[in-house]
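What follows is the residue order along each chain.
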Amino acid sequence: MSYLTATTLDQALSALAAGPVSIIAGGTDWFPTHGDRPVTGDLLDITRLPELRGVSQTAKGWRIGAATTWTDIIRADLPAAFDGLKLAARDVGSIQIQNAGTIAGNLCNASPAADGVPPLLTLEATVELRSANGTRVLPLSQFLQGVRQTERAQNELLSAVHIPTPPVNSHSSFVKLGARKYLVISICMVAVLAEVNDDTLTDIRIAIGAASPVAQRLTTLEDHLRGCALGDVQNRMTADLIQSLTPITDVRASADYRLAASATLIRRAVTLALKGVI
Amino acid sequence: MDKPTMTEVTSFTLNGDIAQVEPLPGERLSYALRERLDRKDVKIGCNAGDCGACTVLVDGAPVCACLMPVQQAVGRHVETLAGLVKTDRDAQALMQSFQHHQAAQCGICTPGMMVSAVALLRATPQPDAAQVQDALGGVLCRCTGYRKIIDAVVDAHAAATLTVASSDLGQAARRLDGLAKVDGSETFGDDVAPAGALVARAVRSPHPSATFTFDDLEAWRVSHPGLHYVLTASDVPGLNAFGVIPGFIDQPVFAVDHVRFRGEAVACIVGEAETVNPLDLATFPINWTPQTALSDTTEATGPDAPQLFEDRKRNIMCGGFVQCGDVDAALDAADATVEAQYTTSFVEHGYIEPEAGFAEVVGGRIHVHACTQAPGMDREALAAILDRPMADIRIVPTAVGGGFGSKIDLSLQPFIAIAALKTGRPVRMTYSRVETMQSTTKRHPAQITIKVGAKADGALSGLRFDGDFNTGAYASWGPTVANRVPVHASGPYYIPDYRARSRAVHTHCPPAGAFRGFGVPQSAIAQETAFDLLAEKLGLDPLDFRLKNALADGVPTVCGQVFDQGVGIAPCLEALRPAWEDAKAECAQFNAQNDTVKRGVGIAGAWYGCGNTSLPNPSTILAGVRADGTVVLHQGAMDIGQGSNTVIPQIFAKALGLSVEGIEILGGDTDITPDAGKTSASRQTFVSGNAALKTGEALRAEILRQVNAGPTAQITAQGGRVTVTDAGHVQQLDLSRLPADDDGYVLRAEESYDPPVKPLDENGQGVPYAQFGYAAHLVVVEVDIALGLCRPLRFVAAHDVGRAINPLLVEGQVQGGIAQGLGMALMEEYIPGRTENLHDYLMPTIGDVPPIETLILEVADAHGPYGAKGLGEHVLIPTAPAILNAIYHATGARVTQTPATPTRLRAALKEAGHA
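Residue numbers (the working numbering), protein chains in the order written: chain A, 1 to 278; chain B, 1001 to 1915.
In case anyone wonders, no lab produced these hints; they're calculated from the structure.
Here the structure is a predicted model, which is why all the values come from computation and not from measurement.
Accuracy of the hints is not assured; some may be wrong.
To be verified - Facing chain B, from chain A, some residues (calculated, C-beta under 7 Å):
| id | residue |
| --- | --- |
| 1 | F31 |
| 2 | P32 |
| 3 | D36 |
| 4 | Q96 |
| 5 | R180 |
| 6 | A253 |
| 7 | S254 |
Virtual Cβ for every residue (Gly too), placed ideally from N, Cα, C.
Taking the hints into account, I'd like the entire structure generated from these sequences.
Okay, structure coming up:
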């Protein structure tokens, strides 16, 4: 039973190599999951590693350090393609949670209702996994394997999220459905990133969360919409194009409700993304 | 791993000073602040980031201290409310503004609210309401309905200009006990245990129904050094049972052989804090054999259902019945009828303070310091459990961080009392959030069938009501719910032909007990929404229909009770008329232009009898004057946030003829203060208020008698002197010549009041209450058709309170009640085993409660102190049906199961023809 506050990345990676250890950052999922049980294992705190915090521009796009908080993201100067991510950040729990909770924590917790995932899927984010043995980069969609399941190995640290430079004329949105205003776990949420050139939807990426074990891109619908004139977008969004969803029934909503609401949310998220363009 | 911090010193700046602790790895900052640094102004409500009560600033940013390992605070600046109010200008402004607006009721969420607000004000000195909502969205409040908190933060920048209202009766006085709620010094159940107290934790059933056997408890105990006792049923000195109603004392302190609900206690471990706190109770040596569990009243009354109690056949614990006229004939003769069925859910009280306290043995007597709504009842119940005379038991109530009915019942008191007696040491206990949600009482789920008829002119001609109430595993206040519902299910209307039946049915669910309204909010949903359907059938306006049938002076209730004064429902309904007409027009206009969302307006009326139903429920109030001229009021009416610590002194001071300022107020400690009864049944302002009035008058008479002054003389008490001025003649009362009694009083008065009621006969005819209070709510809602989301936009609430002793407290009750009614209507559903925390169980946040306009009406009641009527429960009864009526008005969708979650509302919309 120990608590290590890593001060260098190497220190963190060697702690991970040494044996099973729980990584703690914002604690906003770790403590609720842990509940009132005693802490028995070793804890590795990664919040004091400067290279793990903050948003920066790279040659290929953007890098968001693992321990970057939702508040950091809200405050970062980012192009319009990130508006959806910022809206999602504002919908994470409450300000208290946004001040502590981190982007990597949201991903590693792998909740189907993680608000950060749909916008990151539309941004085609990849995750950087580091260990004492080296570094690998995985698309986010591959990293998330199932409910509370990820590709992260026990000795790996999710060190950063990378986002390739989004298309220039991008517009993005995020719509969350919950039964109250704040502090609410999503019934369902949708993120959209649309590229518009000359009144044409030259590209569109739509991702939906809490409607399947892992949030997913709606590629059939995207394919159907890509290239269409802006005026036609709403008409082309037909219900048969979202059949890949397999929502569950839980205390927040029934599966039938989620399926029907998904279609509405997708329409609204697309409309919101194109607001000001149409 | 190198450098383990197992015993490493962790230091940070706490409220400007260096703080050092030696925490366990991963220890919550909240725990370290409270238990190692004695910062008890940091409150813990959930330990999961769901309630925000523990909010502190870390380097200026609000975070939940329960979600931060203390090791992360190293080298950083941590600020808590108690520190902020000493130096921070924004915090000091908030202190004033919170008191001015009465933004703190019970006060348990106040530190979280104020600390969050400080962070907002530093960035945005003059925020608007929406900015306040965003900034405070992470803190739950269960008392206020949030609107006063919003007002207080919005107005904080102008705190210096706020004028302090007079504390005279009828004035919007600040709370007399308000300062401690805003400076972090208020002490709740978990804030009072002495350092080094032993800790108790209950071992509870994970199964709703199961038999069990223990393995070797002693072997398990000795394997945990520092664990002193494992208490079980055999350790209960007296009666292993408690309850609140004679004849229904049926809940064991510790279950024997079998459990009847998930969360029922089977044992309690007691030991040193460092042993007990981290102990994993999953290792407790017990063998469970799960049995068939009944989860609702239909299952429980079925022919093959297992019986929870042998003598309660078909699991029916008891019933209630009220009948007048011939309802079947009347419904047959009606020109229009409506028949409908309704289902409501378990509702959690959701106070932010989990049950907590400590007990100790002092001079051979047992002292229990805990949060409670009913110190007198706690003492009585403990006397039986401990097999000791009442005189050996002292209940010292702490501040109560919300109660709403659940803290009338015993919870942890028997555990800590038995543990203290066993060990001879102080023993503390604090329920976890899951534990309080699993094990304490809930609002009864109801299955209701109602049929109501009227003549073509709109005159009600009959109402038939059948309700089954899921009372859970034990009686608690189930009999009261069963009794109250048939008396109230008519609503405040004249119904000559009426029959209402209720049954309280046992299931393997948590005990359902007292929760603001005792079943009446459920029956009002059925009755008030059925009324709208009936009015529609008759082509009548819902408000006109209600007014046509409203009770009035001289008109009998369904119990045959005739009030010749004080019936205030018609004025409440009339008061809503301007808002009603405006809202109807506004909704029509809005709906003509919008398809995605539709607006509707709904109203509902309510009444509620104040005090116990046809049973005695006296209150006693004591006051004395010391030789130094200090007037002391022994105020035993527990203030659980509603404001009795202010209202009772305001009444007493008025009767005595003195200003409230300078009166010393003592609380409900059973050693020093007579029993003012439980805080329940909307009885404190009415019943204890009358006792305070009589005591004030008696003390006044005694003072005047001392100087032979006439009844209109003026009394002043200042600087140790009592001066009486009678027709220009000034006399000093020389207190020093009077002998002081054992309490140090040279003058004293102690008076009781018990409302005049009469028993109900076999048809429920009689005098159930000496007074009723009346209410009517109006709400405008917006419904998102495709998503089935209902968003209330504004409320107008008319309440006849007889006499508003303190109008600001009235508003506070109304707004808080509406927030709970809104939650019940739209989101709150306790499902045993599934929504046992505050992220799966949803209560309204600061963003969910719209503006509320309160219209205070004063139809004086002859029995009320200065005409006052009770209010605490009336405030939530009309809310849910008004919302459902508004949804129907907006969309034509009939929701018959609460809460109207998006799933249910969307299904109802579909049924109403919305694709």
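Results for each hint:
no.: 1; hint: F31; in the structure: holds (5 Å)
no.: 2; hint: P32; in the structure: holds (4 Å)
no.: 3; hint: D36; in the structure: holds (5 Å)
no.: 4; hint: Q96; in the structure: holds (4 Å)
no.: 5; hint: R180; in the structure: holds (5 Å)
no.: 6; hint: A253; in the structure: holds (5 Å)
no.: 7; hint: S254; in the structure: holds (5 Å)
The earlier numbered hints are all upheld by this structure, with none contradicted.
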